[in-house]
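Could you fit the two chains together into a complex? Lean on the hints.
Residues per chain, in single letters:
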Amino acid sequence: MSGRKVKIEVRDLCKCFGDLEVLNHMNFDIYEGEFLCVVGPTGCGKTTFCNVVTRLLPLTQGAITMGGEEIDFKKHNVSFVFQEPSCIPWRTVWDDIKIGLQIKGVNKTEVRRRVNAIIELTGLTGFEHFYPSQISASMKQRVAIARAFVTEPDLLLMDEPFGQLDTRTRFSIENQLIEIWQKTKRTIIFVTHNLEEAVYLSERILVCTQKPTGIKEEVLVDLPHPRDITDPKFVEIRNRVTDLVKWWE
Amino acid sequence: MEEKINREKYKTLGYNVLTLFLFLAIWTLAYWLIKSPFFPSPLMVFNAFLELLIHGDIEDVKLGMHIQQSLWRIFGGFAAACILGIPLGLLMGLYGRVYDSTKVLIEPIRFIPPVAWIPLVIVLLVGYFRFVFIIWLGAFFPIFIGTLLSVRGVNPLHIEVPKSFGASRFYIIRNIVLPSVLPEVLTSMRVGLGIAWECIMAAEMIGGERVGIGIMILKYAQLIRMDAIIVGIIVIGIIGFGLNEIFIFVEKRIFRWKEVVSI
Ligand SMILES: Nc1ncnc2c1ncn2[C@@H]1O[C@H](COP(=O)(O)OP(=O)(O)OP(=O)(O)O)[C@@H](O)[C@H]1O
Ligand SMILES: [Mg+2]
Numbered sequence: 001m002s003g004r005k006v007k008i009e010v011r012d013l014c015k016c017f018g019d020l021e022v023l024n025h026m027n028f029d030i031y032e033g034e035f036l037c038v039v040g041p042t043g044c045g046k047t048t049f050c051n052v053v054t055r056l057l058p059l060t061q062g063a064i065t066m067g068g069e070e071i072d073f074k075k076h077n078v079s080f081v082f083q084e085p086s087c088i089p090w091r092t093v094w095d096d097i098k099i100g101l102q103i104k105g106v107n108k109t110e111v112r113r114r115v116n117a118i119i120e121l122t123g124l125t126g127f128e129h130f131y132p133s134q135i136s137a138s139m140k141q142r143v144a145i146a147r148a149f150v151t152e153p154d155l156l157l158m159d160e161p162f163g164q165l166d167t168r169t170r171f172s173i174e175n176q177l178i179e180i181w182q183k184t185k186r187t188i189i190f191v192t193h194n195l196e197e198a199v200y201l202s203e204r205i206l207v208c209t210q211k212p213t214g215i216k217e218e219v220l221v222d223l224p225h226p227r228d229i230t231d232p233k234f235v236e237i238r239n240r241v242t243d244l245v246k247w248w249e
Numbered sequence: 001m002e003e004k005i006n007r008e009k010y011k012t013l014g015y016n017v018l019t020l021f022l023f024l025a026i027w028t029l030a031y032w033l034i035k036s037p038f039f040p041s042p043l044m045v046f047n048a049f050l051e052l053l054i055h056g057d058i059e060d061v062k063l064g065m066h067i068q069q070s071l072w073r074i075f076g077g078f079a080a081a082c083i084l085g086i087p088l089g090l091l092m093g094l095y096g097r098v099y100d101s102t103k104v105l106i107e108p109i110r111f112i113p114p115v116a117w118i119p120l121v122i123v124l125l126v127g128y129f130r131f132v133f134i135i136w137l138g139a140f141f142p143i144f145i146g147t148l149l150s151v152r153g154v155n156p157l158h159i160e161v162p163k164s165f166g167a168s169r170f171y172i173i174r175n176i177v178l179p180s181v182l183p184e185v186l187t188s189m190r191v192g193l194g195i196a197w198e199c200i201m202a203a204e205m206i207g208g209e210r211v212g213i214g215i216m217i218l219k220y221a222q223l224i225r226m227d228a229i230i231v232g233i234i235v236i237g238i239i240g241f242g243l244n245e246i247f248i249f250v251e252k253r254i255f256r257w258k259e260v261v262s263i
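Protein sequences, first through last, are from chains H and E.
The first sequence lines up with residues 1 to 249 when you count with the numbering used here.
The second sequence lines up with residues 1 to 263 when you count with the numbering used here.
None of these hints come from the bench; they were simulated from the model.
The calculated lysine-lysine pairs, modelled on DSSO-like cross-linking and capped at a C-alpha distance of 27 Å, are:
1) H:183 with H:233
2) H:140 with E:252
3) E:11 with E:258
4) H:140 with E:258
5) H:140 with H:74
6) H:216 with H:246
Quantities reported herein were computed from a predicted structural model and do not represent experimental measurements.
Isolated chain E, as found in the complex (with noise of 0.2 Å):
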């Protein structure tokens, strides 16, 4: 049993292995037909990688200081919305009324594309917070609106029982409630990392600062160097992989009781 799992484990990356391989082969193919200085081989993306790892950009920042600030700003954005909305989707869940009551203003703003917001930022906020403030309007009502949700979608029957035991509020909302939308918090956050990723590239290709990824992109795409920016693209594309398949492990860690995990 254990040693068939295994073999299906290979077998799928054997697969994604030759997918890869296959794509790196249309690619070269292409670059060999096209001929054109706008369209890059691969071995000239990976050299430009190698270029901006090593020896930095145009302005000697290195690739990995790029990440490395994108990811604190997501991290400041992104922690915010989880501080703010999942204890709010959940007391707005819990008291319907809090909701309704204030429906008029939350569904509005649900509805402005965070982008939309982001010349009033520049205008009002500098430095880190004006990343932090974009990324967090563009996770925080997923993950809002996803808490709250969940908690409407509790199965009664799971209530009723601890309370034909005499529950108190409090029993229910720890042992019920909450364990019963966990999975569906994590799922609503693991959309909001995503529309924060988005977020921050575009707050940072509005330009103003020197690092970040969609900073250097910038900076490429004004050089028209395609070699660079394809790094930029893979790179962006990867970090959200990883942060997303991070999200999925520990899912499946926690939710030992589903049978199955969402992609």
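If we strip away everything but chain H, and leave its shape as in the complex, we get (with noise of 0.2 Å):
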């Protein structure tokens, strides 16, 4: 990972809910274009991590910067795949799909072109008209995945995003995550509780204690894409964080 251009610095970084501590004095860096997956135990703090990356929540201490600035979203394209479902309800699929463009000002025709070719991505022709209550809960999860990817983040944070979907969308989307991503180079900070989907995805991982929460350990997973799950490389890494983890004992 030396060499590589630093994108986001995380220094002695500190988040407390009045007395709850639950990020503890926090040191990392995210590199430009790197894909970065967070795995935790539940409740130690991955969904605070991002909302406090993203300025969503203030932080108790530290400092986050991206480039040397604070992250804002007005001056830097970022993108938030929410844990909790986030469809509008008075939206349709395509309104909702299209808010980020609209906020940020791309002409219509782009933004037609944009949004018919994300929709075509996340299976969802023919839906475009639908309301969030007249769709099932994986196409929910799928509007909230394209609403993010459609702006073309440099910075796309995804928390659990895959946790609603069947285990063939679910493929079928984790390669096209790749694939987008191979294509733009845009960083991503991807939280999940499924290791096999962070070694799957990721090129670091980073495993975080439990609270208050500091990282255990950096796994490097250097393997190409595509993965092969069956790989005895993939498998020993795969191990290795299982081991790392084992919040369950």
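Right, here's the structure in full:
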């Protein structure tokens, strides 16, 4: 990883909710164009971490900078796939997906082109004019993913985005995600519970400890894409991460 | 599918007609059993209705005029309540500090029943504005408080989505807060209208004017003409029902994205 350009610097990051210490003096860098996975026990503060990185929540101590500046949604092109269902009930699939482009003032023909492309990619064709109350949970999740992708963000935060998807859609979207990432080389922070998914997708895995949360270890995954989950090297890394985690013990 | 829904509709309609019919039958039966001059039959009430409609009341004011006057007063008070209540509710919902700092004034006023203002209003106001003021008092608080609470109830995630794309405050208010609170604002308007309807009756029955449904009922109460009084009561019920239905119809039309519309 050395020699790569640092995109985001996290220095001495602390976040408390009242007396509850959640993030505890975290220090690490995120590189330009990196695919980073964050795994950790439930309730350790992964969602909080995403919210703090993007300044949706104020931090208690420390600093997070992107290219030397504080992250600012108006200046930086950031997208967020929230863990909870976040479709906007009164917007149709089409209108919901285009919200980011609308806010950023992209012109109409370009909006149409990009939204069409992403709808096809996420398998939502034919449902453009449906409201969230009329589509399934997995489709709502795909709308949220499409909405985040369509703005072609420099930094994409995904907080357990594939939890609602069935195995087949999950594989296909994982592969598409890799493809998009390889093509565009955006920086992705991907939070998951699923260790296999983490090893399958990412270049580097941050394994978090229990609260107050620090980084237990970084695991590099230097396997070429497409990865084979039966490859002995893949299995070896997955087992290593599993050993590190073992939060059920 | 379409056919099935239609059949359901006719079935519901049929049951409603049946209910009405049964009610009239029981009423007639009760009339035969009680045989009192203070208990008119449905037919007598209907005749009184025609009489009021065509020839007018003891002062020659026709039923249509009474209804029109009452509705006109409601309209004035209700419009004033909406024009003030909705923007103020939005403002105080968006800027919690404003509400918190003025709570000491707003909350006690909210708990004064509109009827309690009537003596004061009689002294201070005359004519149309007397009614408008009382209706305004009644309808304002449900609309204002309903709007305020609905702003506070906006799902924070729906705000974070545009925020994470760098949306301005104005964009969020226009595209997220407003559409999100609209259903509840309409519901609170519906509640406010119901209360306005109660207030107009109370205000009209104080007397002082010649026209209005409440006044008409009062006139006939003094003559102990039960049939005409009942006509007045039924008219009140039907108009209230009609206004409510109009609201529900509009809600269904605007909020196609919602699965169900409340009753
Ligand atoms: N707004 C808040 N106020 C107080 N405490 C909070 C708040 N948000 C989160 N917490 C606490 O912070 C801790 C971390 O929460 P967080 O949602 O970040 O966990 P997580 O790692 O995302 O969990 P999961 O894997 O279940 O999604 C939890 O103990 C939670 O109770
Ligand atoms: Mg979480």
